[in-house]
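Undergrad: Using the sequences plus the hints, can you model the full thing?
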Amino acid sequence: MNRRIPLLLMLAAFLGVAGLGPTVLAESKTLAGPSQKPVRVQLKREFVYGFFLFDGARYGTAFCPQAIATVYLQADVANVATVHRTAVYFWPITREYMADWESYQATPRGRLEVLRGGRVIRSLAPTRFSLRYAGGAQEAPTGLRSGDRAVRAVRAYRARQEDYNRAVADYYQQYGAYQSLAKRYLQNPAAFPAPPQEPREPESPREYCSDLDEGFILKLPPGTYRIRLRDLTGKIVAGSERRVVAFAPSKHGVGYEVVPEEKWTYPLRSDDSSANLFIGRGRVIFLKPYAAARYNQYAYTKLTRLAAPESGRGQENKQTWAALAPLAGKGLTLQIRNGSKVIAEIAERPYYVRQSSGQALGYDIVEYDPGDPAAGGPTFAGYKIALRQGAGDFSLRLVDAAGREVPGSLRRLRVVSPSRNAPLYAMALFPLLVGAAILGFRRRRSGRGDRATEKGAAPPG
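Per this note's numbering, residue 28 is the first one in the sequence shown, and the count goes up by one each step.
Heads up, a few of these hints could be off.
Restricting the straight-line Cα-Cα distance to at most 27 angstroms, the calculated cross-link-like pairs of lysine-lysine (DSSO-like) are [to be verified]:
id : residue 1 : residue 2
1  : K357      : K278
2  : K411      : K357
3  : K368      : K357
4  : K345      : K278
5  : K411      : K290
6  : K246      : K290
7  : K411      : K368
8  : K345      : K357
9  : K345      : K246
Note that these hints are calculated values from the structure, not bench results.
Keep in mind it's a predicted model, so treat the numbers as computed, not measured.
TA: Now the structure itself:
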C-alpha cells in the first residue's frame, strides 16, 4: 500500500504537466533583482488569461492569474481575452504576478462562456484578430480587427511591406548607378548635358499591423459578468472562472494641454470644465484640445495594473479623467469672450519649436513655415493665446464651423496682473521686517550696556 502512494503522486504530477487536470506542480527559481541581487520565487503552473484591453485611446495588455479574481474592462468596445497555461510567480519587487512563458506554455482549447445572473448569455468561439498600430510599430496599438477583416488587413499590410521592400531594393540599385555617374561627372563635367539626379528614397509604410493571433472578442454592455472556459469535451476548465466588471465613463468632455511659451517642455492639463485657467498679463500660452472621458479611478487603474493586487487601492470612490484623442485638424475655432462679447477668434495653427540662437539656452515657438527646410515638420498644432487686455475674468470655448459650442470645451480664463502681487509680498515680508528691527534694537541696547559696564569696572590690581 505504501508503494502505491508515490506512484499516485507521480501520476497526479504528470497530469498537471500535461494540462489534463488542476495545477499540482510547483517549483522554485532564482531571478535577478535590483543591482543583479538574486531573488528566489515560487513557480506554479496554472490556467491564466491574457487580455488586450482598450482604455479609450489605445490597447494595452493585462495578465490575469488565478490569484486575481476580477477583471475590469471598458463596456461597449471590443476587448480580447486569450487563454493559456503557464508558470506563474509573484515578483516581490513590484508586488505583482508575472508569467514565466519560457519555462512552460500551453494553449487550452474550447469555448469561452459569458454568464450573467448564473445564466450563460454567450458562448464564444476563438476568433482570429490583429492589432492596428496607426503611428507605427513603436507606438501603442489604437485599433482592433477581427475575423475576415483581420485576415484582409494583415494580407494588405504584407503586400504593402513587400512593395516597400522592392522599392528599397530598386532604390539602392539606382543609388549605386547614381554614385557611379556622379564620380564620372566630377571627373569630366563637360561630357554630361546636366548633373546626375540623386534618386529619391522610398517612404516606408507608417501604419503597422500585427500578425494574426487567436482569442475571444468581449464586447459587453455595462454590468457584472462571469467568464469560464469549457473545453472540447464539455467540461469546465479548472481555474478558468473569473468575475468581469464592464464599466463605462461617467462623463465626456474636452481637455486642454496648456503649453506655456517659456516652459513648453512642462505642459499642464485642464480636464474638468469647472477648473479655471490662469495666464499672466503679457504671457503667451498654447492650447492643444483633446477628447476626454471621466472614469472610476480604481477600475481604470486595473486596465493596466491588473496583475498587481494592491493597485488602485483607496481609489474605489475617486474619479479620473483620461485623454482619448486629440482634436487637431477638426476645423474648430477657439473663441475668447469677455462676458457675452467675443473679443478674439483663434484658428488652429501648426507650430515649430526651435532652439534659441546665441549663448543663452532656450527655445522659441514659431509658426511653422513649410518652406523652411530647417524646420523639417511641425512640432505640434494648437491655439495661441496672447491677450493684451488687463487683469480680469474671461472665458474660452471651442466652436465648430457652424458656430456651435463643442460640449465640455468651456473654461473660465483669468488674466492675472503681476502688479497685484506686490501688496501680498509686502504683507508677507512685514513680520520679518518687524522682527529684524526688534532684533537690531535689542542688540544695540545690549552693546551699550556692555560698554557702560566696562567703563565702570575697576582696573586690575
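Undergrad: A separate judgement is required for each hint: does it hold in the structure or not?
TA: Right, here's what the structure says about each hint:
Distance hint between K357 and K278 is fulfilled; the C-alpha atoms sit about 21 angstroms from each other, no more than 27 angstroms. Restraint check for K411 and K357: the C-alpha separation of about 16 angstroms stays at or below 27 angstroms, so the hint holds. Restraint check for K368 and K357: the C-alpha separation of about 24 angstroms stays at or below 27 angstroms, so the hint holds. With a C-alpha separation of about 14 angstroms, the suggested pair K345 and K278 falls inside the 27 angstroms cut-off, and the hint holds.
Note on K411 and K290: the hinted pairing holds, with a Cα-Cα distance of about 14 angstroms set against a maximum of 27 angstroms. Restraint check for K246 and K290: not satisfied, since their Cα atoms lie roughly 42 angstroms apart, outside the 27 angstroms limit. At roughly 19 angstroms between alpha-carbon atoms, K411 and K368 fall within 27 angstroms of each other, so this suggested pair holds. At most 27 angstroms may separate the alpha-carbon atoms for a hinted pair to count; K345 and K357 exceed this at roughly 32 angstroms.
Annotation: proposed proximity of K345 to K246 holds, straight-line Cα distance about 25 angstroms (limit 27 angstroms).
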